[in-house]
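Chains as they are written, first to last, in our numbering: chain A, 17 to 231; chain B, 17 to 231.
Accuracy of the hints is not assured; some may be wrong.
When chains are identical, the list treats them as one kind, so a pair holds in a single copy or across two.
Said to hold, decoys possible - As a list, the in silico DSBU-like pairs of lysine-lysine whose alpha-carbon atoms are at most 35 angstroms apart:
(1) Lys191 x Lys94
(2) Lys162 x Lys22
(3) Lys163 x Lys81
(4) Lys162 x Lys81
(5) Lys81 x Lys191
(6) Lys163 x Lys22
(7) Lys22 x Lys81
In short, the hints are calculated from the structure, not lab data.
Each chain, letter by letter, is given below.
There are 2 protein chains.
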Amino acid sequence: MSVDQKHFAILLDGALRVTERVMAQLRGRRVLAADGGIRHAAALGISPELWLGDFDSTDGLLAQKYPDAPRAPYPADKPRSDGEIAIRHALDQGATDLLLVGALGGDRSDHAFFNLSVAATIARNEAVRVVMTSGAEEAVPLLPGKKTSPDWQEGTIFSVLCFTQVGGLTIENAKWPLDRVDVPFGSTLTLSNIAGSDLEILLASGCGIAIAQVE
Amino acid sequence: MSVDQKHFAILLDGALRVTERVMAQLRGRRVLAADGGIRHAAALGISPELWLGDFDSTDGLLAQKYPDAPRAPYPADKPRSDGEIAIRHALDQGATDLLLVGALGGDRSDHAFFNLSVAATIARNEAVRVVMTSGAEEAVPLLPGKKTSPDWQEGTIFSVLCFTQVGGLTIENAKWPLDRVDVPFGSTLTLSNIAGSDLEILLASGCGIAIAQVE
C-alpha cells in the first residue's frame, strides 16, 4: 500500500487496545514514536521511521527491544511534552492528517489531559485533521463552524468534552439531539449521548472534543 | 471521631487505590456514593449515608452487595452525571469541603474529564474546597488570586492542567518555578514539574487544576 507523505501516525505512551479499526486507520501513514510510545510498535507490527525521545535511563529496555529505530534525541529538561515534540516534527514535514495512537487513558491523567488540549490546539491553529485513539476510545477535536461527522457505529456512546463554554452546539442523529444550545463550562449536559446513524456535530464557538467508546 | 457535618466525601466510579493518605483524608466526613462509585465502599471500610443512582439493571450485583445503603433514586434519562447529582446533594446539605474519591482515571476518559471540569466549576462558583483523588493521583482546582499550597511531598511529580489560557501563573518551591507567566491553552509548559517542600501555586486568571502523582 502506498504511503501518503502527509498522513502521520504518532505513537504516544497512553493506553492502547489493538483493534481492526486501529489497524485500518494506521494503513498508509508515516509513523513516528514519541518516547515511551514506541512500546506499542511491536503489537501493531510497525516500525516507526523516527523515534523521538530524551532516551534517559528509563528507556533502556525499550532501546534493547527497538535497536533499529532511527532516533532523534532531545534534552530531558525540555519545556515541551514528548507528544508535542513528535507532533511538531510531523507538522514540520508538512503533515495534514494526524492519528494520535495511545493518546487517551493510561496511568497519567495529566498526560491524557494535555494530549486532549494539544490535539484541540493543533487542529484549530494548524488546520490539520486530528484523530486520537486508544482502540477502546476515539476522540476528534470540534472546530467552530465546521460540521464533524464521525463514522461511529449506531449505538456508540459518545460525549462532547468542553474546555470552555461552548456556544450553539448542534448534535444531529443521536439519542439526545441538540439544536444550537449554549453549554456552560462544567455542565454535564453533553456526557454520554448515543450515536444514531450519520451522527453530525457542529458548534458555533468555543473549544470542544467529541469522544466515543468505539469498542 | 466526630464528623464535620459540612465535610463530605463522594464516591465516584473512577479508579481508586486505597492508601493511608486516602483513609486519613476520609476521616470525619459524611460519605455519599454516586451510582457505581459505591463499589469502593467495601475496600474503604465505610458505609455511605446515601447512595444516589438510577439503579438500572447494571446495578444488580452492587445492590446485592450493599443492601443496607439508603438509596436516592433518580431517572436514568437525566441531563446530569451521577457525580454532579451527588455533589449537588452535598451542596444542598451545606457542604463546604468535598473529597471526590474515584474522580480520576478509570476506563472512561469522558467521565474523568467531566469530573475535572465539574470540580473546577464547583470550587469556583460555590466557594467550596475540593480535592479529587484516585489514591495514586490527587488534584486540586486553582482559584484566581488565591494561593494553593498542596501538602505534596518533596519530589512529587505534578502538572498544572489549563482549560483556558492561564494568566500570571506563579509556581514557587518547585524544580521549575514560574513567575507570573501567561500559559496559552494547549501549551505543555506546565506538564511534569517536581514539587519542592512547601509548594505554592498562584494564578491571576483563567481556569487551572493542579494534579500530582502522590503515590
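Each hint tested on the structure:
1. In this assembly of identical chains, Lys191 and Lys94 lie within 35 angstroms of each other by CA distance solely across copies; the values are 13 angstroms between and 45 angstroms within a copy.
2. Taking the shortest alpha-carbon separations for Lys162 and Lys22, only the intra-copy value of 22 angstroms comes in at or below 35 angstroms, while the best inter-copy value is 46 angstroms.
3. Within a single copy, Lys163 and Lys81 get their C-alpha atoms no closer than 43 angstroms, and across copies no closer than 46 angstroms, so neither meets the 35 angstroms cut-off.
4. Taking the shortest Cα distances, Lys162 and Lys81 never come within 35 angstroms of each other, neither inside one copy (43 angstroms) nor across copies (48 angstroms).
5. For a Cα distance limit of 35 angstroms, the shortest separation of Lys81 from Lys191 across copies, 32 angstroms, qualifies, whereas the shortest one inside one copy, 46 angstroms, does not.
6. Proximity of Lys163 to Lys22 under the C-alpha cut-off of 35 angstroms is restricted to the intra-copy arrangement: shortest distance 23 angstroms within a copy versus 45 angstroms between copies.
7. With identical chains, the CA atoms of Lys22 and Lys81 are at most 35 angstroms apart within one copy only, with a shortest distance of 28 angstroms there and 54 angstroms across copies.
In summary, the numbered hints that this structure violates are 3, 4.
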